[in-house]
Amino acid sequence: MTEDEEFLRDLMETFRQDAEEHIGALSTALVELEAAGEGYAAHAPLEILLREAHSLKGAAAAVEYALMVSICQNVESVFSALKHAELQVTYPVVDALSECVDCLQGCLVAGEASMEGRVDAALERLAAVGKPTNARPDRQQTPPIAAPDAPWSGWRPEEPFTDESALPVEPHRVQPERQPTPTAPPAAQGTSAEQQTTPTAPLATATDTIRVATNKLESLMLQAEEFISVKLSAGQQATALRDLSSRLDMWKREWYQTHISDDRDKVEDFLEWNSTFMEGVIADIRALSKAADDERRTIDPMVDDLLDGMKRVLMLPMSSLLSTFPKMIRDLARSKDKLVEFSIVGADVEIDKRVIENLKDPLIHLLRNSVDHGIETPEIRMGLGKSPRGLISVAVSQLENNKIEICVSDDGGGIDVQRLRDTAVREGHRTQIQVDDTDDGEALRLVFASGLSTTQVVSQVSGRGLGLAIVEEKVENLGGSVAIETELGKGTTFRITIPATLATARGVVAQVSDWPFVMPVVGVDRVVRIHRSNLRLVENRETIQLEGQTLPLVYLHEVLDLPLKSQRGVSEYIQAVVAGSGDERVAFAVDSIIDEQEVLVKTLGPQLIRVRNIAGGTIMGSGKVVPIINISDLLQSARGGISSRGRDGASANGGVPRKAVLVVEDSITSRMLLKNVLEAAGFYVRPTVDGVDALTALNEEDFDLVISDIEMPRMDGFELTNKIRGDARLSRLPVMLVTGMESQEHKERGIDVGANAYLTKSSFTQGTLLETARSLL
Amino acid sequence: MNEASMSEPEVGPLQESPEPRAGVTETDPIREILRRRARELAKTPDAEVGGARLMEILEFSLGPERYAFETSFVREVFPLIEITPLPNVPPYILGVVNVRGRILSVMDIRRLMDFVNVGLTNLNKAIILHNGEMELAVLADEIAGVYAIDGDQGQRALATLSGKREEYLKGVTQDRVVVLDAEKLLASEDLLVRSGL
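Chains as they are written, first to last, in the working numbering: chain A, 1 to 777; chain B, 1 to 197.
Don't take each hint at face value.
As the list claims (entries may be wrong) - Here are some, though not all, of the chain B residues that point toward chain A, as calculated from beta-carbon distances under 10 Å:
1) T71
2) S72
3) V74
4) P79
5) I93
6) V96
7) V99
8) M134
9) E135
10) E142
11) A144
12) G145
13) V146
14) A148
15) L191
Claimed, not checked - For the chain A half of the interface with chain B, some residues (derived, Cβ under 10 Å), not all of them:
16) P520
17) V522
18) T603
19) I609
20) V611
21) G617
22) S622
Unchecked claim - Listed below are the simulated DMTMM-like cross-link pairs for lysine to aspartate or glutamate, each with C-alpha atoms no more than 25 Å apart in a straight line:
23) K353(A) <-> D18(A)
24) K602(A) <-> E135(B)
25) K675(A) <-> E135(B)
26) K125(B) <-> D18(A)
27) K723(A) <-> E711(A)
28) K231(A) <-> E56(B)
29) K474(A) <-> E598(A)
Keep in mind that the hints were calculated from the coordinates and are not lab data. Cβ atoms here follow ideal geometry from the backbone N, Cα and C, with glycine treated the same way.
Given these sequences and hints, build the entire structure.
Shown next as structure tokens:
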């Protein structure tokens, strides 16, 4: 069968790559072991050696490489003996081991058949040196090298090894069994090694590496090399522009000289020169602009290709994961006396390696479920008029917007939704009323509830009801989702949608005081919209009612110490993000909810190691950095009480109420700056974004001074001043205009509308600001 | 002249050349002078006792003031298109920016040094400083240029500057450009933000 052949070829290819990694790790660790000698230092490399040999043994057994299995088994026993100090790390031992590793490599490259002789010799040699010395090793008793008391470290390469220790003593007796170390029966060997390695394994984990096909890297290199030409041409363009600019300087000098002179001839000369000069300049500018255009056209695809290529380096075909499934399904079906035909579609779809790794468990769960619960036994199927052979398929397809869909379907019995309802009620997951209210689709979601299973029999394979809960969790962690479609008697399809590249987290994007923030979905319970009339004051704090529970309502901008954006009091509804779980939930009021989307979490750079309430940042499609909220910090901040930065706090300390300043400024940086400066000087500051915003604030609070920018959207500073002067209540309120406009005209207009002071941004300093502010109060 | 061309470019004050420039009439003395000069130039500037220790600096303006960093700590100058302010950070952290997919913090050095006159700036450039471990950006308005100065000629610090302000100051050049100590800025533990609850 060509399909089988293809599968076998793929399998061999996978094994080869896998084995190469293991052999590489073995060689490296062996070198480390050699350097470490013995004792504590040798522990880590031995751990790695044991694990690698064991894994390689497993892999080789799967493809029936008997010779490799045999070598692995033998070296494994020696490593185990070394680890338990039943054998000392000596040169002959390491040498023999190293020869074995070479043999493994040989088997892999040249095939087992050609290696037989060399392997036998190597194993004999290993058997001879790898024999554990009785029970407890004693240095005097076990002279590893010629010099009786020389431990491992005493060895020097020039020293010849004496025959007694380096050469096999009784090779032929041991050879046929290929079990040189009778410390433990070979069967137990694997398990014991495994048990010992497991707890310490994380300590000696090799760094995470990725296998990249050389051609992918080569094409990347080529693409990177193309950028050299970009660099050169950018340099050329810069030079050309500089040249042009100096020519224009020259023109300016000429013009200046002509224009101050009364000499008519000179002017005529200039005009003549000027016309040729300008023509030259125009031609050059055209050429430059064309070159820049050309370059942009070249760079565009280059950058995109490079980005794409780089992403592709991190992508693996789904087949790397799926190729292990046919055997699993076959074995599983056989053990259940079922007939299953398994098909895979779209194995060549490429997905981020990290996503693939995390998909393994969910897919295994789903497939096991299908075999165990989905597909009926051949008898039942025949009775139903179906083919005795059940069909299970995995179909991977690329969706738009960088998403991948994986469908796991079977043509089995389907899920009995009514039974699901009954089970849910019986086991106390839902009340009868709740269940009756749900439609089939919703009821079907119950399969994802932890601990709920419709099979009466809990088998080894599945049935504990945990599998699907884990599937959902894992998929959601990848930023994806799972959907189910089922038809009783016809079959079930699980549809997994995940991003092809690692998007890590899903987040709710919310706007707070003009700034977007991302709140990770993991910590968010829900998003709610509450009518203002539903707010209740409990112990002087605002609360909302949610499912009969009273939750505190906290304004996110207050927790984050952000200026208030005065839409409060305007909208009838408050939008809030409910974070936390159970009784610990808190509703955080935000200005608006913008979106829910996948975000890639990034650190805030090396300087910002930890920022309160902020977990990191993400870069939006527009290139803008958006901070990601640290929900657990936020909950703690909220519980600790909102920072009471109001005016009351100050009057409590000083006795004198702080002067209140209304800052009106549309630029966020300037606004922050003004706020910081004024607050540092002891003022209470309410920042607003424009005139309209400011008027709202003026209606809500009393202020002692208004500091306003002039150019602002909606209502500018002049109009605002005008309005303030026109309002009887506010007419005496001092207004200070701060602006980038420096013209006398503006200044006059400012004074006309009734501003008390006028500060230009260029003359603006902390000193002058505070001085002017104080003079007006 | 081969020797001479291999040396550093002629920047800064030349060594007090004892040879008289006047007597350039004969061929031999000229050659002798050239040879001697070439030897002088071939020496590495650092090794000279009491000579000039050249330091390359990048001068920039921020508001009305002029500052500079040693170029050896400058990775690049980055155009600031958008800066995202962060809540709950010290005032000297202006916010964070996206530098080709990485997020980096931007500092306003004037706030760091408690300068009284913190004016409004155009917020248009960030100088990215780095040493092996730390990387951060510093706000700048305009880049004036890169040039070498005599590292020893700068005053250690202005007498009026004290405490925090002096801490990150390397000196002031004769042109009254404040040379900041990038090395200290990058290594300072005080500038790391570790705000817990």
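Which hints, by number, does the structure contradict? Going through the list in order, the structure violates hints 1, 2, 3, 4, 10, 11, 12, 13, 14, 16, 17, 25, 26 and respects the others.
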